[in-house]
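There are 2 protein chains.
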Amino acid sequence: MSAILQGKRLYLEDLEIGQRFTSAAHILELDEILDFAGRYDPQFFHLDEELAEQSLFGGLAASGWHTAATTMRLLVGSLPLAGGLIGAGGEIAWPKATRPGDRIHVESEVVTIAPSRSRPERGLVTFRSETINQDGETVQVFTPKIIVWRRDAATSDVAIPASER
Amino acid sequence: MSAILQGKRLYLEDLEIGQRFTSAAHILELDEILDFAGRYDPQFFHLDEELAEQSLFGGLAASGWHTAATTMRLLVGSLPLAGGLIGAGGEIAWPKATRPGDRIHVESEVVTIAPSRSRPERGLVTFRSETINQDGETVQVFTPKIIVWRRDAATSDVAIPASER
Numbered sequence: 001m002s003a004i005l006q007g008k009r010l011y012l013e014d015l016e017i018g019q020r021f022t023s024a025a026h027i028l029e030l031d032e033i034l035d036f037a038g039r040y041d042p043q044f045f046h047l048d049e050e051l052a053e054q055s056l057f058g059g060l061a062a063s064g065w066h067t068a069a070t071t072m073r074l075l076v077g078s079l080p081l082a083g084g085l086i087g088a089g090g091e092i093a094w095p096k097a098t099r100p101g102d103r104i105h106v107e108s109e110v111v112t113i114a115p116s117r118s119r120p121e122r123g124l125v126t127f128r129s130e131t132i133n134q135d136g137e138t139v140q141v142f143t144p145k146i147i148v149w150r151r152d153a154a155t156s157d158v159a160i161p162a163s164e165r
Numbered sequence: 001m002s003a004i005l006q007g008k009r010l011y012l013e014d015l016e017i018g019q020r021f022t023s024a025a026h027i028l029e030l031d032e033i034l035d036f037a038g039r040y041d042p043q044f045f046h047l048d049e050e051l052a053e054q055s056l057f058g059g060l061a062a063s064g065w066h067t068a069a070t071t072m073r074l075l076v077g078s079l080p081l082a083g084g085l086i087g088a089g090g091e092i093a094w095p096k097a098t099r100p101g102d103r104i105h106v107e108s109e110v111v112t113i114a115p116s117r118s119r120p121e122r123g124l125v126t127f128r129s130e131t132i133n134q135d136g137e138t139v140q141v142f143t144p145k146i147i148v149w150r151r152d153a154a155t156s157d158v159a160i161p162a163s164e165r
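Chain order of the listed sequences is D and C.
1 is the number of the first residue of the first sequence in UniProt numbering; add one for each residue after it.
1 is the number of the first residue of the second sequence in UniProt numbering; add one for each residue after it.
It is worth saying that the hints were derived from the structure and are not from the lab.
Don't be surprised by glycine CBs; every beta carbon is placed ideally from N, CA and C.
Keep in mind that a hint or two might mislead.
Claimed, not checked - A short, non-exhaustive set of chain D residues, derived as facing chain C with CB atoms under 8 Å:
# : residue
1 : Phe21
2 : Leu56
3 : Thr70
4 : Pro80
5 : Val111
6 : Ile113
7 : Ile147
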């Protein structure tokens with residue numbers, strides 16, 4: 001964990017299974033929920049408070065993709081991997097809706113570490129990232145597979161920009 | 001498919017395995033990519049064209065969450081389910097990056113249909129939604145599990161608003 005304390009980026013060699021990372025918190029305000037939904041998920045339960053009461057959500061809820069995008073923002077600030085966070089994908093679930101005014105943060109844990117056989121300069125690390133609201137309820141679980149570089153990669157042809165090492 | 005042609009919403013009874021839905025297309029402009037990344041995924045390969053050339057992407061790429069959010073927008077316009085699209089989650093993968101100027105559309109197929117035992121008014125339908133660029137390359141695969149109502153639900157206590165039936 002000293003690498004984080006020193007503000008340095010982490011490489012594959014710095015990660016171990018069970019290692020945890022906690023993000024800052026973000027409050028999802030109503031305006032932001034309406035703006036995101038209007039652009040990307042224009043459905044009545046994300047846009048209209050009165051109609052939303054007649055939906056499965058029983059009231060206005062943020063788009064799951066808004067929760068996902070906000071989670072990404074929080075991950076960028078809390079998972080200081082060298083070269084940035086590049087995900088190949090993963091499983092995503094929204095066990096509970098996010099509501100206007102919810103204060104969410106993300107807790108991530110290293111689940112698996114798989115050095116690449118064909119690409120010695122990198123590995124694939126699976127994280128389990130839970131997005132949690134102010135009541136301790138999990139609103140999203142995402143288990144991304146993320147490309148993580150070995151320390152050698154910083155000076156190889158892979159060329160991680162100096163500012164991202 | 002007559003329900004779509006007539007502009008009506010679809011219920012569980014209207015779906016069958018293998019049924020396909022094709023969305024309109026959307027061009028992801030550079031400005032939009034930079035705006036989304038600045039809000040939700042502020043990493044150098046999404047924001048800085050010069051630095052991005054030194055990344056795994058070899059040039060500026062849209063955030064995967066931007067591709068996902070845009071896919072949702074296209075799904076809202078192409079999967080006319082009664083009561084809207086409410087997803088419990090699913091597997092997401094980004095096999096290829098989305099680039100400025102890419103023209104993407106979404107092709108969705110019904111994969112499984114599971115009527116609920118405990119909730120007779122609904123079922124859980126798995127779709128496979130592929131987001132495809134102008135060259136026919138798949139940039140995202142998402143397999144959401146979506147709640148779909150039976151026709152009865154429209155007039156039951158579940159209360160789908162009249163405008164969403």
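Tested hints:
At about 16 Å, the closest approach between the beta carbon of Phe21(D) and any beta carbon in chain C exceeds 8 Å, and the interface hint on this residue is violated. Given the 8 Å rule on beta carbons, the hint for Leu56(D) holds: about 6 Å separates it from the nearest Cβ of chain C. A least Cβ separation of about 7 Å between Thr70(D) and chain C falls short of the 8 Å threshold, and the interface hint therefore holds. Because the smallest distance between the Cβ of Pro80(D) and any Cβ of chain C comes to about 12 Å, over 8 Å, the interface hint for this residue is violated.
Interface restraint check for Val111(D): the shortest CB-CB distance to chain C comes to about 16 Å, outside 8 Å, so the restraint is violated. The restraint placing Ile113(D) at the interface with chain C is violated, with a minimum CB-CB distance near 19 Å, outside the 8 Å limit. For Ile147(D), the interface hint holds, since its Cβ comes within 8 Å of a Cβ in chain C; the closest pair sits about 7 Å apart.
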